[in-house]
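Peer 1: From first to last, the protein sequence lines are chains Z and F. Using our numbering, you'd call the opening residue of the first sequence number 52 and step up by one each time. Using our numbering, you'd call the opening residue of the second sequence number 1068 and step up by one each time.
Each hint should be verified, as a subset may be incorrect.
Unchecked claim - EDC-like mimics (lysine to aspartate or glutamate), calculated; alpha carbons at most 16 Å apart, straight line:
1. F:K1164 with Z:D309
2. F:K1125 with F:E1161
3. F:K1164 with Z:D91
In case anyone wonders, no lab produced these hints; they're calculated from the structure.
Here is how the chains run, residue by residue.
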Amino acid sequence: MTSTIKDRTAIVGIGQTAFGKGLDASELSLACQAISLALDDAGLAPSEVDGLAMFSMESGREVEVARNVGLGDITYFGEIGYGGGAGCGAVGHAAMAVATGQCNVAVAWRARKRSAKGSRPWANVNARLGGSNQWTRPFGLLRPVDEVAMLARRYMHEFGCTRDHLANVALAFRKHANRNPNATMHEKPMTRADYMKARWISEPLCLFDNCLETDGALAVVLVSAARAKDLKQRPVYLHAFAQSIPRQHQVMTNYFTDDPLLGPSWACARLLWQHSDFAPRDVRVAQLYDAFSPLIPLSLEGYGFCGRGEGAAFTNDGALEWPNGRLPTNTAGGGMSEAYVHGFNLVLEGVRQMRGTSTSQVDGAESCLVTSGEGVPTSALLLRR
Amino acid sequence: MESAFLLPDPDDDDAADFWRGTARGELLVQTCAACGQRRIPPRPMCPACRSLQHRWDKLSGCGTIWSFVIAHPPLLPAYQALAPYNVITVALDEDPKLRLVGNLIARPDGAINEIDPATIRIGEPVRVVFQQVEDVYLPRWIVGRGQ
Ligand SMILES: [Zn+2]
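Isolated chain Z, as found in the complex (with noise of 0.2 Å):
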């Protein structure tokens, strides 16, 4: 199967907030900051924006986000649900709608406010439950985290991955977050030990096998390749874009189906490597979607880094440790220790490796592998330069 937009669309801007808690922007404020500092950053003025494309989650609009910012006609719009699945998504809709000629200048972003009413998964307690809800909460199974858990448990049990391989995860994501001024976890040093002796959250997963709470934006501009070369920053190109439900698939508890530990990234990346001229033995350098640390273990098996059930020992000896790790991940410091914007920072840390202007640049590396959320429909991109 060929791919229609391979190589078709760059990124040509990227536009971040400062990341904090309790920031006092609202989620409208936030997207519009960090889409204007994207177009200056590519150096395209707001008029020329003609399309749009966000997380269904967001809670400033497109026509909010076009009149606060001062866009031009917007002749695509578009909107990716399932939270953290989204991120890579909204991108690869704007990708295919300026190579299919519906857009010529689109952006995509991501704002959050954790602290915002009702942006917890879990906050609405009123209601009598329907739905999947049913089967999980009444019991006592209410967060994010303690749905990844249940799948983390049996990973454990079914592949003999650990609490130290878990920690192996925690402890690379910090260590490049010390790297990068930008993140929130810049001057704070983790050690084995502290890891060891954190809090339990939802047994087996600790307080650092979590993601940060995290308020902030961040967003990208993308544009035709050929359009790009005239730009002022070194394009960074949309190699490949895929996305998944897989068969039977429940949201975030996904243990109704035959193989439960085979989740989302699977389908996705069977279209992407298929659109892709690259393999993963060539891919140097990637953004992992880490909102819990099993997710990586399993987007490593999922995006066919190594075999089923290798993922834990995939993490030993540095593996996922800028400079010398066999794949530096999530070089900005991820989910867990950068900031948690619903993985859309890990979209921009891909393009700053493809720009090589990384705080943990990897020398060399041609191609960046992003993911979207492990555990709902996801998504992602393979950008090269």
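Given chain Z, work out where chain F with the ligand should sit, using these hints.
Peer 2: This is chain F with the ligand only, laid out in the frame that chain Z set:
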């Protein structure tokens, strides 16, 4: 009515018969009337043959622990009061790919925080009991097969 616990709507479109079953002390599984495939959670259409017809089969109520977590704070107040407590997923004997989430308890009227977490084992056989919480009967699980 606002409940301290998050409870199912016993009149849910797809699951009302399941919750009527638990109120009678029966563990029911939705089964396609056309091709016989069982499905959890219940839903309107059979994914194997697209039939809209189904029946409810009574299961033995026996299974094994497939996985479990021990939840610690921060949690919603009613649950936080019980923390740390266990949540288990049970693979049902009739088909280990049919699973239900529940809690392990020590006795039929026991609480979900009474079992020592260090004693919970994946693969342990369990049997169902039903506990009333307000107007709903929730399936919970006790180690062992006998009464
Ligand atoms: Zn059927």
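Peer 1: Hint by hint, say whether it matches the structure.
Peer 2: Right, here's what the structure says about each hint:
1. F:K1164 with Z:D309: Measuring from Cα to Cα gives roughly 6 Å; hence the hint holds.
2. F:K1125 with F:E1161: The hint holds at about 10 Å.
3. F:K1164 with Z:D91: violated (53 Å)
In this structure, the one hint that does not hold is number 3.
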